[in-house]
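Asker: Sequence:
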Amino acid sequence: MPVSSRFIAEAAKVFQDVDFSQARAGELALEVERLNAAVRTAAGSLDFDAEPAAFFAVLAGRAS
Numbered sequence: 024m025p026v027s028s029r030f031i032a033e034a035a036k037v038f039q040d041v042d043f044s045q046a047r048a049g050e051l052a053l054e055v056e057r058l059n060a061a062v063r064t065a066a067g068s069l070d071f072d073a074e075p076a077a078f079f080a081v082l083a084g085r086a087s
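Heads up: the sequence shown begins at 24 in the numbering used here, then just goes up one per residue.
Please keep in mind that the hints were generated in silico from the structure rather than gathered at the bench. We put the CB at the ideal spot given by N, CA and C, even for glycine. Mixed in with the good hints, there may be bad ones.
Label-pair distances were calculated between CB atoms; the ranges are [stated by the list, open to error]:
1. Asp-72 with Gln-39: 32 to 42 Å
2. Asp-70 with Arg-29: 11 to 21 Å
3. Leu-58 with Arg-29: 14 to 24 Å
4. Ala-34 with Ala-60: 13 to 23 Å
Please work from the sequences and hints to get the whole structure.
Answerer: Below, the structure written as structure tokens:
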């Protein structure tokens, strides 16, 4: 699911009282999409009952 710059800007304002320019919100939206995709991919490679440390190890392995 795509993350919009509008969503990022509104969430930042509501949850952190931070104002971002539309350009910066757009950059952050792309980064959130990238991170979300990595997390979803890693989650798909583990069993639901796997230890949380195993999830971190999968994510760390994909980052390098």
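Asker: Confirm or reject each hint.
Answerer: Hint by hint, here is what the structure shows:
1. Asp-72 with Gln-39: 32 to 42 Å: 34 Å, holds
2. Asp-70 with Arg-29: 11 to 21 Å: 36 Å, violated
3. Leu-58 with Arg-29: 14 to 24 Å: 18 Å, holds
4. Ala-34 with Ala-60: 13 to 23 Å: Roughly 18 Å apart at Cβ, these two residues keep to the hinted range, so it holds.
In this structure, the one hint that does not hold is number 2.
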